[in-house]
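> This is what each chain is made of:
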Amino acid sequence: MTAFSENWHQILLGFGVTIEMVVVAGVLALVVGSLMAALRVSPIAIGRVIGSAYVRLVRNTPLLLIMLIFAFGLPELDIRPEVSLGSARLLSFNVFFIFATTALGLYTAAFVCEALRSGINAIPLGQAEAARSVGMTFGQTLREVILPQAFRAVIPPIASALIAMTKNTSVALGVGVTEATFVMKKLNNDYPTQLIAIFVGFALGYMVLVALISLVAGRLERKLRIA
Amino acid sequence: MKQAEGLTGAAKTLADAGKIKIGVKVDQPGIGYREPGADAPAGFDIEMGRIIAGRLGIDDDGIEWVETVSDNREPFLQNGTVDLVLASYSITDDRRKVVGQAGPYYETGQQLLIRKDSEGDITGPEDLASVKTCSVEGSTSLARVEDEYGASPVPFATYSECVEQLENKTVDAVTTDGAILLGYAAQNPDELVVVGDPFSTERYGVGYNKDAEGMCDFLNETLQASFDDGSWAETFAATLGKSDVETPGTPTLDPCP
Numbered sequence: 184m185t186a187f188s189e190n191w192h193q194i195l196l197g198f199g200v201t202i203e204m205v206v207v208a209g210v211l212a213l214v215v216g217s218l219m220a221a222l223r224v225s226p227i228a229i230g231r232v233i234g235s236a237y238v239r240l241v242r243n244t245p246l247l248l249i250m251l252i253f254a255f256g257l258p259e260l261d262i263r264p265e266v267s268l269g270s271a272r273l274l275s276f277n278v279f280f281i282f283a284t285t286a287l288g289l290y291t292a293a294f295v296c297e298a299l300r301s302g303i304n305a306i307p308l309g310q311a312e313a314a315r316s317v318g319m320t321f322g323q324t325l326r327e328v329i330l331p332q333a334f335r336a337v338i339p340p341i342a343s344a345l346i347a348m349t350k351n352t353s354v355a356l357g358v359g360v361t362e363a364t365f366v367m368k369k370l371n372n373d374y375p376t377q378l379i380a381i382f383v384g385f386a387l388g389y390m391v392l393v394a395l396i397s398l399v400a401g402r403l404e405r406k407l408r409i410a
Numbered sequence: 006m007k008q009a010e011g012l013t014g015a016a017k018t019l020a021d022a023g024k025i026k027i028g029v030k031v032d033q034p035g036i037g038y039r040e041p042g043a044d045a046p047a048g049f050d051i052e053m054g055r056i057i058a059g060r061l062g063i064d065d066d067g068i069e070w071v072e073t074v075s076d077n078r079e080p081f082l083q084n085g086t087v088d089l090v091l092a093s094y095s096i097t098d099d100r101r102k103v104v105g106q107a108g109p110y111y112e113t114g115q116q117l118l119i120r121k122d123s124e125g126d127i128t129g130p131e132d133l134a135s136v137k138t139c140s141v142e143g144s145t146s147l148a149r150v151e152d153e154y155g156a157s158p159v160p161f162a163t164y165s166e167c168v169e170q171l172e173n174k175t176v177d178a179v180t181t182d183g184a185i186l187l188g189y190a191a192q193n194p195d196e197l198v199v200v201g202d203p204f205s206t207e208r209y210g211v212g213y214n215k216d217a218e219g220m221c222d223f224l225n226e227t228l229q230a231s232f233d234d235g236s237w238a239e240t241f242a243a244t245l246g247k248s249d250v251e252t253p254g255t256p257t258l259d260p261c262p
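Those sequence lines, one after another, are chains A and B. To get my numbering, take the position in the first sequence, counting from 1, and add 183. To get my numbering, take the position in the second sequence, counting from 1, and add 5.
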C-alpha cells in the first residue's frame, strides 16, 4: 500500500480539512436550524412564513447547486472572505473553504430545523397551554418546557442530519476545497494500480468520522433520558 | 469520398461500414469544443479526426462525435463505445498498457493562464508559491504545481469553471496543457494571457482499441501524410493558431509496437 505509506501526511491534511468543515458547518447548521425551527412554531405569522420558506427553498435545492451559487455568485458581488489564524495550512481558511462550508451549513440547517420541529410537535399541546397559563412568555415556554423535552426526542434524527452532512463535505471537492476526497482523487491519479485499496481506505476514514458522531449522539441520548 | 487504397484489418472494416465513432472533448476551446446549440464540436482534435476519417472514405455524415471526459477514455475504447479517441489524450506508459496510442500528433506542455493585470507578477511556475491555482480535480497538472511549486491548489470539476474563477479574480492562475489554455486565451484575448515556457511535456496521441488489427500502422501513415502534405499545419493555423501562436514543427511519430 505505497499509496498510503508515501502520502500519510497529505491524507491526514485532507481529513483535517474535512473535520474542520464538519465542525464549522455543524455549528452553523445547529444554530440556524434552531432559529428557523423557533420561527416555524412561533405565534407570529411572518415568522412562520420565513421559516417555512427557508426550509422549502433550501431543502429542495441540490447541495452542489447551492455551493456553485456561492462559488460563482458571490465573487461577482466582490465578496471573497478569507480568514487566517496562522501560517499552517489548517489554520488558513480560504474563500473556497468559507463558501463551501457556509453553503453546507445552511443546507443542513433546513434538515435540522425539520427534525427539531417534529420534536416540538411531539410535545402535547397541553404542556404549552399550561406553561402559558402560569404566565410564561412564548420564549420561556419554548426554553423551559418544550425544548428540553423536544431535544431528547430529536437526537437520533439530528445525528442523522449531521452524519449526512459529514459525507456531503465531499461535494466541496468540485468547488475548490482540498478536503479528503480531493486527496483521494489525487492518489487515484498517481497510483492507478491501487484504486480499490485507495477507495476502501478513504471510505474507512469517513466511517471513523461518522462513528465518532454516532458515539457522541449515543452518549447524549443516554444522558438526557433520565432528565 | 473515396477510401485510400490498400486498407487492411480494422481500418478496412471501418471504411467498409462507412461509419466511425470518435471520442472527443467538448469543453476545451481550440482543441475540442461544442458551442452551445452547435451540432458538431470544433477544434484541432476534431479536424484531425476528420482527416483520419477522410482517409477511410468517411465524411461528416458517417462520423459520430462522442463526448468523453478524462476518466472514461480507456473504458470507452475497451468496450467499443468509440473506435478512436482524439481528446487531448497524452501518451503515457500506463495508458499504453491498456489501450493503443498512435502519435504523437501534437506536443504541448503544462503552462499557466493568468489575467493580464497580473502579468509581470506571475511569469512562470516559480512564482506560484501560495498562489491560488485552479485546475481539474485529480489532474496531474494540479498535483504538479502543488507538490513541486508550492501553489495553493484549487480543484474544480471543469476547465471552464477554473477560467470563470480566474476571470472573477478569485483564483490567480489556471494550469493545464498549454494547448487548452491557448484556446481559452483566444476566446478572451483582452483579459487572459498564457505565460512562461512549458514545464512538462505532453504528447497527444490517437487512442484505439488494442485488439484493432493494424490500426496503429494505419493511423501513423495517415498522420505522417498529413504532416507531409501540409494539411496538419493548415489545421493547426485554423484552430489553435488563432491565439497568436506560430505553427510548431511537426512531431516525430512513435513507431508502432
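I should point out that these hints are in silico values taken from the structure, not numbers from a laboratory. What you are looking at is a predicted structure, and each value in this text was computed from that prediction instead of being measured. We treat Cβ as the ideally placed atom computed from N, Cα and C, and that holds for glycine. Careful: at least some of the hints might be erroneous.
Said to hold, decoys possible - Stretch-level coverage of chain B by chain A, calculated; a stretch enters the list once three of its residues show a Cβ under 8 angstroms from a Cβ in chain A: (1) 32–45; (2) 151–161.
To be verified - If you only want the chain B side, here are some residues facing chain A, beta carbon under 8 angstroms, derived: (3) Ala-148; (4) Ser-165; (5) Glu-169.
> Report holds or violated for chain A covering the segment 151–161 of chain B, Cβ cut-off 8 angstroms, minimum 3 residues.
holds (count 5)
> Taking 8 angstroms as the limit, does the beta-carbon of Ser-165 of chain B come near enough to a beta-carbon in chain A?
violated, 11 angstroms
> Does the interface hint hold: is Glu-169 of chain B within less than 8 angstroms of chain A, judged Cβ to Cβ?
holds, 6 angstroms
> Establish whether the coverage given for the segment 32–45 of chain B by chain A is satisfied; the threshold is a Cβ-Cβ distance below 8 angstroms, and no fewer than three residues must meet it.
Coverage by chain A is violated here, the residue count being 0 at a Cβ distance below 8 angstroms.
> Verify the interface restraint on Ala-148 of chain B: the C-beta must sit less than 8 angstroms from at least one C-beta of chain A.
holds, 5 angstroms
Figure legend: structure checked against the earlier numbered hints; hints not met, in rising order: 1, 4.
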